[in-house]
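Chemist: Residue strings, one per chain:
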Amino acid sequence: MKKKMNRRTFLKYSAAVGATTAMAGAPTLLRAQAPEIKIASIQPVTGVISDIGISMRRGNQMAVDDINARGGIKSMGGAKLRLLLGDSEAKEDVARSEAERVIKDGAVTLVGPFLSGNAMAIATLCEQRGVPFVMDVAAADDITRKGFKYTFRVFPTTTKFADSMLFYMDKIMKEKNISRIRGVVTNTGDLFGRVQGATFIKVLKEKKFPIEVLGHIEYPLGIQDLSAEISKIKALKPEVLFPVARPGDAKLMIRELYKQRVELQGIISPGSPGWYEPEFIRDMKVLADYVMDNVPWYNPVGKMYKEVNAAFAKKFPGKYIDTNSGYAYLGVLVIADALERAKSTKPDDIVAALKKTYLKQDLMVGLAVAFDEKGDNINADTAMIQIIGQSIKVVLPEKAAETKYVYPMPKQIWDRGA
Amino acid sequence: MDLNLVLQLATSGFLLGGVYSLIALGLSLIFGVMKVINFAHGAMLVWGMYIAFTLMNWTGIDPFFSFVASAGGLFVLGYFIQRTVVNRIMTFHEAMQVIAMVGVMMILENMAQLIWGPDPHSPHTRYSLSTIWLGSVMIDIPRLFAFLLAILMAAAVFVFLKYTDIGKSIRASADNRIGALIVGTNVNRVYAVCFGVGAACVGAAGSLLVPLMPISPHTGFPFKLTSFAIVILGGMGSLPGAMIGGLIIGVAESVGSVFIPSSLKQIISFGIMILILLLRPQGLFGGKGS
Chain A
-6 MKKKMNRRTF LKYSAAVGAT TAMAGAPTLL RAQAPEIKIA SIQPVTGVIS
44 DIGISMRRGN QMAVDDINAR GGIKSMGGAK LRLLLGDSEA KEDVARSEAE
94 RVIKDGAVTL VGPFLSGNAM AIATLCEQRG VPFVMDVAAA DDITRKGFKY
144 TFRVFPTTTK FADSMLFYMD KIMKEKNISR IRGVVTNTGD LFGRVQGATF
194 IKVLKEKKFP IEVLGHIEYP LGIQDLSAEI SKIKALKPEV LFPVARPGDA
244 KLMIRELYKQ RVELQGIISP GSPGWYEPEF IRDMKVLADY VMDNVPWYNP
294 VGKMYKEVNA AFAKKFPGKY IDTNSGYAYL GVLVIADALE RAKSTKPDDI
344 VAALKKTYLK QDLMVGLAVA FDEKGDNINA DTAMIQIIGQ SIKVVLPEKA
394 AETKYVYPMP KQIWDRGA
Chain B
32 MDLNLVLQLA TSGFLLGGVY SLIALGLSLI FGVMKVINFA HGAMLVWGMY
82 IAFTLMNWTG IDPFFSFVAS AGGLFVLGYF IQRTVVNRIM TFHEAMQVIA
132 MVGVMMILEN MAQLIWGPDP HSPHTRYSLS TIWLGSVMID IPRLFAFLLA
182 ILMAAAVFVF LKYTDIGKSI RASADNRIGA LIVGTNVNRV YAVCFGVGAA
232 CVGAAGSLLV PLMPISPHTG FPFKLTSFAI VILGGMGSLP GAMIGGLIIG
282 VAESVGSVFI PSSLKQIISF GIMILILLLR PQGLFGGKGS
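Chains as they are written, first to last, in my numbering: chain A, -6 to 411; chain B, 32 to 321.
These are computed hints drawn from the structure, not numbers from a lab.
Please note that a few of the clues may not be correct.
Looking from chain A toward chain B, a few residues come up when the C-beta cut is under 7 Å (computed) [claimed, not checked]:
| no. | residue |
| --- | --- |
| 1 | Val41 |
| 2 | Ile47 |
| 3 | Gly208 |
| 4 | Tyr212 |
| 5 | Pro213 |
| 6 | Gln217 |
| 7 | Ser220 |
| 8 | Ser224 |
| 9 | Gly241 |
| 10 | Gln253 |
| 11 | Glu256 |
| 12 | Asp276 |
| 13 | Asn372 |
| 14 | Asp374 |
| 15 | Gly382 |
All values derive from a computational prediction rather than experimental measurement.
Note that beta-carbon positions come from the ideal geometry of N, C-alpha and C, so glycine has one too.
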């Protein structure tokens, strides 16, 4: 059905077009005052790991807002950063297509994406398109072993995790006069989980470290029932459980350990989420106590940490800066610092500036951010944290420790009267 | 092989299987009557969970009582979805039905994320950590309750279908749509009620799972896949098939993890599904040619 254009419809449309132009015109005038640089955040904001994805996006966005509030990129006339948002849905193919989209939309650098598998997909694309990519969180060693020129990682690698873990375990075992620990390693079946679990076991073997791995249990990401896995762990009779988890399965695991009355001296994660999020302690209460986790943690005495955390907690009540939101914030700072020194948005200038990064920070444990030839942050480090009295404390290294670690657990999980 | 371990796994699997059965019952009922595959089944499970969770937070009612409210809420939702979406696509090609149902799934999942947020919740209920021990085998009390209530709910659905007028109309419409129309059945209403009952089953199951596992907007997905396998194992549209299939898959998934890595767990349910498709394509309880 066709409509003829008469005087009335013509007037109606003209008025509508006029009004739209007037409304759209005003912000254009305002925006024209300072140039704008687009960067993009790709995080798993929906899908199986959306809780962490949203926390990461908030970290990215808050850093952008803070930089803009401090006057933007000064070397480029106070250019403001604009964060384009991408959602990987925790899927590799979506991560890639989202990266493609934000690059088309004009993003000069990408930041993200929490999941190592997604990081690999984005890094490969960025290499093809010649767009710099700064990984805020993603640990799998392999990503930076491909010889990519445009990819940088602020987060520690899985090998770094394993080395720190052994360093801390050595200290605990020496101080407590333990000659040997019989343990079980568990991990989720995604790329990070597999690599983190396998690297821990590999490094134990290579260094002939006195932790005997009685069993290695892997289960799918997003699992809903861990009763069979915990029954298997119970049958192996380990002294210590070394779990690489995610928020949902960490809770399932603790509850099943309680129900099946698994006797353990400790639960010490070689480094994974699940154990430090506010929701874990909120839901598990006393059962959460004495869990240890070897993670890139915030620096409890850092000035930057205190400022950022205060703002973050105010903006998102009930939340605090943790490994993920902290590194998400830091990732954007690294990009802004590179843009400041590059004085350009050309990819090669940004990459050249990123290579020379030396960004002092006391937001996270570890020294200034600086990249090696592979693009890994040589100063990224981990701390051993422990939940004591339902709050998280840094227990190792001693120079950052808020309190002394408790090992073995003074009370079994099932003996805590939950 | 450790006999205790196998017994433990079989017990846990059997009890969870009861809830699987209830989920699959809803799916099978909807398919049996309308020949529409409800891809939003997992998302509906999540809504059942969140309704029970919200009631628990507001009023302190235990999910083992509020499963009635979850079932009621999901009945209304199911009725609405049937009237607005499913009724319009029933005569379409299967591939087109899938698109619409996946759309419903995405809307429900993301609405749940908007309303309740992305963080997984593991609310502490009075029984959520209770256990009883039979020798060295642990019986998880919430799992036992979930099993018993799931069986009770399933029995109620059977009674509803067999003895009530609307239940008889549902069975009549499933057997012969034209025949049901000729004798004056209001088929559209029957279908909407049937979709509602299917949704109520999965809603109740969601509520029963609250003390057992963390609730998050995407919890439903693995259950949806498993319930597809169960429905195929039991026979598409067969209600006793869904019940028995649920128990078989529950035990097989649990005990199977002794022999294969847990990360390959789903191989078991899908392996059984492929076997049944090869050897008895109509399923254990499916009639010839169904």
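Chemist: Could you tell me which of the numbered hints above are not met by this structure, giving the numbers in increasing order?
Modeler: Failing hints, ascending: 3, 11, 13, 14, 15.
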